[in-house]
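Residue numbers (the numbering used here), protein chains in the order written: chain Z, 1 to 256; chain A, 1001 to 1276.
Be a bit skeptical, because a hint or two may be false.
Claimed, not checked - Using C-beta positions, here's what the derived DEER-type ranges look like: (1) Z/R37 to A/V1148: 56 to 66 Å; (2) A/A1026 to Z/S87: 15 to 25 Å; (3) Z/A236 to A/Q1273: 52 to 62 Å.
As the list claims (entries may be wrong) - Computed footprint of chain Z on chain A; a stretch qualifies when at least three of its residues, placed anywhere within it, have a C-beta under 8 Å from a C-beta of chain Z: (4) 1008-1017; (5) 1087-1096.
Unchecked claim - As a list, the in silico DSSO-like pairs of lysine-lysine whose alpha-carbon atoms are at most 27 Å apart: (6) Z/K159 to Z/K7; (7) Z/K239 to Z/K159; (8) A/K1018 to Z/K81; (9) Z/K159 to Z/K81; (10) A/K1018 to Z/K88.
I should point out that these hints are in silico values taken from the structure, not numbers from a laboratory.
Glycine is no exception: its CB is placed at the ideal position from the N, C-alpha and C atoms.
Now for the letters of each chain:
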Amino acid sequence: MFLGLVKPSDGQALVLGVPTGDVEIRRKIGFLPEDFRFYTWLTASELLNLHGRLCGMTTARLRERVPALLDLVGLTPHREKRLREFSKGMLQRIGLAQALIHEPELIFLDEPTSGLDPMGRRLVRDVIRAQRDRGATVFLNSHLLSEVEITCDHVVFMKEGEVVASRDLRALPHGEIRVSARVRNFPPKAVAELARWSTNAQLDGERLTLATGSTEVLPDILRHLVAAGADVFEFAPEKLSLEDLFLKIMGEDRGL
Amino acid sequence: MCAWIMAGVTFREAARRKILWTAFLAGLAFLALFGTGMHFQAEHFTRASLPPFVRYQVLSTMLQVGFYAVDLLAVVMTILTSVDVLSGEIASGTIQAIATKPISRWQVLIGKWVGFAGMVAAYVAAMFGGVTAVGYFIGGVLPRHALVSALLVLLECLLVLTITFMFGTWFSTLANGVIVLGLHGLAFIGGWIEQIGAATDTPRLVTVGVVSSLIMPSEAIWRRASFEMQSSFARSFRFSPFSEASAPSLAMVEYAIAYLLVALIIAVYHFDQRDL
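The task is simple: from the sequences and hints, build the whole structure.
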């Protein structure tokens, strides 16, 4: 929808400040479809040249940019090979290159690592980081949560087209730590003071739950409980990976 | 500018995938066969020393047969080469990488249309030129108004191309092919019905033929082209595939042009509105 492929049934959305579907704004947007397919009679260099020309790039600029991108995605030895001879991984790589040909400000990558070997996945990670470092925003759509965890700054979970949760992964470099404790005589004022380590501490009867971003602060939290006069019967930290978080949010798959 | 890029890509695709060359080779084979037939017939007439009038009429009819075959080949080639162009790219997802570039969808469609129109024009020109050359150099006969007829056949092919594009924005490749060939078949049989009706003075048959031409005017355009090519003697035959008992009027040609433009507008509109 951001790229104008699908029309909204209702409402309006803005991308880079203009309504979706605007043609000119696409000069600033790059896109790699999930299953990248293109004219298989083209060679890798011809494909990049064609996409560059469609993005309004000059011949001189393309002469410089095409070899650089082929090099970036490791396809220089295959530059004159036709796409019909490419493996799925090679198609993903050339697809990534065409998404970056015009140095877009906003890049949508739909499952960019599917079909790639570990080296290819690492290459995609490096490319994404390089784009981020030059100031571009990269939207990575993936079901490979381990990739997301080590690549992205923010993560948004969607279910049936709706955002059901989001996390700032920069604030949680080691994943999220969930703490469940059974406490007695813990004053509400002290619960509020837990905000130093956690943003979502809650006390329900004797059950205290909170989430934090590092195991390093766990002793401080425990000391705070004791110092506030609480009797601690149980203190159970649990580290949640993005995948755990995903399962927790989405629920277990009840299929099969 | 982007439409021209798409036109160039379409042309290159046809050349690279050998579609263009295969079509031209098939055309050359046809011309060779036609030339051989014309040569033997002309040689026979020379030996048999028949009156020049009979020789001219028979060879002119042969020439007409050649143009009829060219028309059929051109229409079928147009449908076969373009039937997959939009529906196939939509189904495979190839269109996604193009449609997300800074290029309007109308430019994508018009660019591809222009690319195909250029190829069809080159094909019609080559085949018409070839048959005319065979007729002149081997048989010593020339069609009347050859250029007008060639332009009419080109119009017929462009009409079929546009209809194929239009339905390609809605239907799958197979369904699209069935619809367009079916429509052309309807026009074809309608044309025959109209001719039979005119030859036997049956107005209701003529009306059925005219209505079928209004639904799909492709065959009517060929019949006008055929009419333009014929000598007045051939026209007097009243009833044969190549002498037009009921030649479509110029109004039908204008109708076909309007039909083409409307179909192109509908194709652009629907391609622009649909999800890809």
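Okay, the hints, checked on the actual structure:
In this structure the hint that Z/R37 and A/V1148 lie 56 to 66 Å apart at CB is violated, the actual value being about 44 Å. Evaluation of the 15 to 25 Å hint for A/A1026 and Z/S87 yields a failure: the beta carbon distance comes to about 35 Å. The beta-carbon spacing between Z/A236 and A/Q1273, approximately 56 Å, falls within the hinted interval of 52 to 62 Å. Under a criterion of three residues with beta carbons nearer than 8 Å to beta carbons of chain Z, the stated coverage of the stretch 1008-1017 of chain A is upheld, 4 such residues being counted.
Closer than 8 Å: that is the beta-carbon criterion, and the stretch 1087-1096 of chain A has 4 residues meeting it against chain Z, so the requirement of 3 holds. Between the alpha carbons of Z/K159 and Z/K7 the distance comes to roughly 20 Å, so the proposed pair stays at or under 27 Å and holds. A C-alpha spacing of about 23 Å is found between Z/K239 and Z/K159, which places the hinted pair at or below 27 Å, so the restraint holds. Our distance criterion of 27 Å between C-alpha atoms is met by A/K1018 and Z/K81, whose separation comes to about 18 Å.
Of the supplied pair hints, the one linking Z/K159 and Z/K81 is violated, its CA atoms being roughly 40 Å apart against a limit of 27 Å. Between A/K1018 and Z/K88 the alpha-carbon distance is near 25 Å, which keeps this suggested pair within the 27 Å criterion.
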